[in-house]
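Could you build all of it, start to finish, from the sequences and the hints given here?
So the sequence shown is numbered by this note's numbering: it starts at 1 and just counts up by one.
A hint or two may mislead.
[As the list claims (entries may be wrong)] No farther apart than 35 Å at their CA atoms in a straight line, the calculated lysine-lysine pairs in the DSBU-like style are these:
no.: 1; residue 1: 186; residue 2: 21
no.: 2; residue 1: 140; residue 2: 45
no.: 3; residue 1: 141; residue 2: 177
no.: 4; residue 1: 145; residue 2: 115
no.: 5; residue 1: 82; residue 2: 198
no.: 6; residue 1: 54; residue 2: 115
no.: 7; residue 1: 206; residue 2: 140
no.: 8; residue 1: 30; residue 2: 45
no.: 9; residue 1: 196; residue 2: 164
no.: 10; residue 1: 30; residue 2: 177
no.: 11; residue 1: 30; residue 2: 54
no.: 12; residue 1: 82; residue 2: 45
no.: 13; residue 1: 177; residue 2: 54
no.: 14; residue 1: 196; residue 2: 82
no.: 15; residue 1: 82; residue 2: 175
no.: 16; residue 1: 115; residue 2: 140
no.: 17; residue 1: 206; residue 2: 143
no.: 18; residue 1: 54; residue 2: 164
no.: 19; residue 1: 186; residue 2: 143
no.: 20; residue 1: 53; residue 2: 186
no.: 21; residue 1: 82; residue 2: 206
No lab work stands behind these hints: they were computed from the structure.
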Amino acid sequence: MFITFEGLDFCGKSTQVSLLKAYLESISLKTLLLREPGGTEISEKIRDILLDKKNSRMVMEAELLLFSASRAQLVRDVIIPKLNEGFIVISDRFHDSTTAYQGFGRGIDLDFITKLNSFVIQNALPDITFFIDITVEEAKKRKEKNQFFNLDRIEISNDDFYQKVRNGYLYSAEKEKRFFRIDGTKSIDEIHNEIKEKINFMLEVKRGIK
1 MFITFEGLDF CGKSTQVSLL KAYLESISLK TLLLREPGGT EISEKIRDIL LDKKNSRMVM
61 EAELLLFSAS RAQLVRDVII PKLNEGFIVI SDRFHDSTTA YQGFGRGIDL DFITKLNSFV
121 IQNALPDITF FIDITVEEAK KRKEKNQFFN LDRIEISNDD FYQKVRNGYL YSAEKEKRFF
181 RIDGTKSIDE IHNEIKEKIN FMLEVKRGIK
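Structure representation (structure tokens):
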């Protein structure tokens, strides 16, 4: 099973992916947690380039292709082999981030992004994508509370950019049946329980119980 998490920065994804990994391991399921960009030696080097604030002059086309290059390496080096070994793979972001951030956020042609995403991920399409949805206003409040963190090149983007990104996620949530939208203003435990309930149902279906 391949599980991905999506949403605006500061939506709480990282907390939830860690909680889900711990839960799945507690019921003796082989689980691998990944992040994007990153996850392989090459992909982590690309991550450093993408998120470094010193690279403020990076053009959107370069940004798109670097994210895609990182993902291609991750898919072939890690995701497909681990899925074939029977692991449950959880990824903090995947190709839907490209649709939202580079497609809607940067304004790159969506048809081109769809074709590029398809080329990059091959058959590694998520079984379910948890979209933790918060408004731009809520994301801004959370960012202001965490100002002591070193924000990266993407996280320092303005509200207008993030509104476009959220619109992209709402578009994908409407279009893609695998999207499971969650109210990101709920408590950490409430969100975790909602995710657990959905995953447990999917596991039972896979085992033929339901």
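Structure-based check of each hint:
A distance of roughly 20 Å separates the Cα atoms of residue 186 and residue 21; the hinted pair therefore holds under the 35 Å criterion. Taking the CA atoms of residue 140 and residue 45, the gap is about 28 Å. The hint holds against a cut of 35 Å. Distance check on the hinted pair: residue 141 and residue 177 sit about 30 Å apart at the alpha-carbon level, within 35 Å; holds. Distance restraint check for residue 145 and residue 115: the Cα-Cα separation of roughly 38 Å exceeds the 35 Å cut-off, and the hinted pair is therefore not satisfied.
Between the alpha carbons of residue 82 and residue 198 the distance comes to roughly 22 Å, so the proposed pair stays at or under 35 Å and holds. A hinted pair counts as satisfied when its Cα atoms are at most 35 Å apart, and residue 54 with residue 115 qualifies at roughly 30 Å. Using a Cα cut-off of 35 Å, the hinted pair residue 206 and residue 140 is violated, with the two alpha carbons roughly 39 Å apart. Between the alpha carbons of residue 30 and residue 45 the distance comes to roughly 27 Å, so the proposed pair stays at or under 35 Å and holds.
Straight-line distance between C-alpha atoms of residue 196 and residue 164 comes to about 30 Å, which keeps the hinted pair within the 35 Å bound. Taking the CA atoms of residue 30 and residue 177, the gap is about 26 Å. The hint holds against a cut of 35 Å. With a CA separation close to 39 Å, the supplied pair residue 30 and residue 54 exceeds the 35 Å bound. With a CA separation close to 22 Å, the supplied pair residue 82 and residue 45 stays within the 35 Å bound.
Distance hint between residue 177 and residue 54 is unfulfilled; the C-alpha atoms sit about 38 Å from each other, more than 35 Å. Note on residue 196 and residue 82: the hinted pairing holds, with a Cα-Cα distance of about 22 Å set against a maximum of 35 Å. Pair hint residue 82 plus residue 175 holds up; C-alpha atoms about 28 Å apart against a cutoff of 35 Å. Taking the CA atoms of residue 115 and residue 140, the gap is near 32 Å; set against the 35 Å cutoff, the hint holds.
This hinted pair does not check out: residue 206 and residue 143 have alpha carbons roughly 39 Å apart, beyond 35 Å. Between the alpha carbons of residue 54 and residue 164 the distance comes to roughly 24 Å, so the proposed pair stays at or under 35 Å and holds. A threshold of 35 Å between alpha carbons decides the hint, and for residue 186 with residue 143 the separation of about 17 Å falls inside it, so the pair holds. With a C-alpha separation of about 32 Å, the suggested pairing of residue 53 with residue 186 holds against the 35 Å cut-off.
With a C-alpha separation of about 18 Å, the suggested pairing of residue 82 with residue 206 holds against the 35 Å cut-off.
The structure does not agree with the numbered hints 4, 7, 11, 13 and 17 stated previously, though it agrees with the rest.
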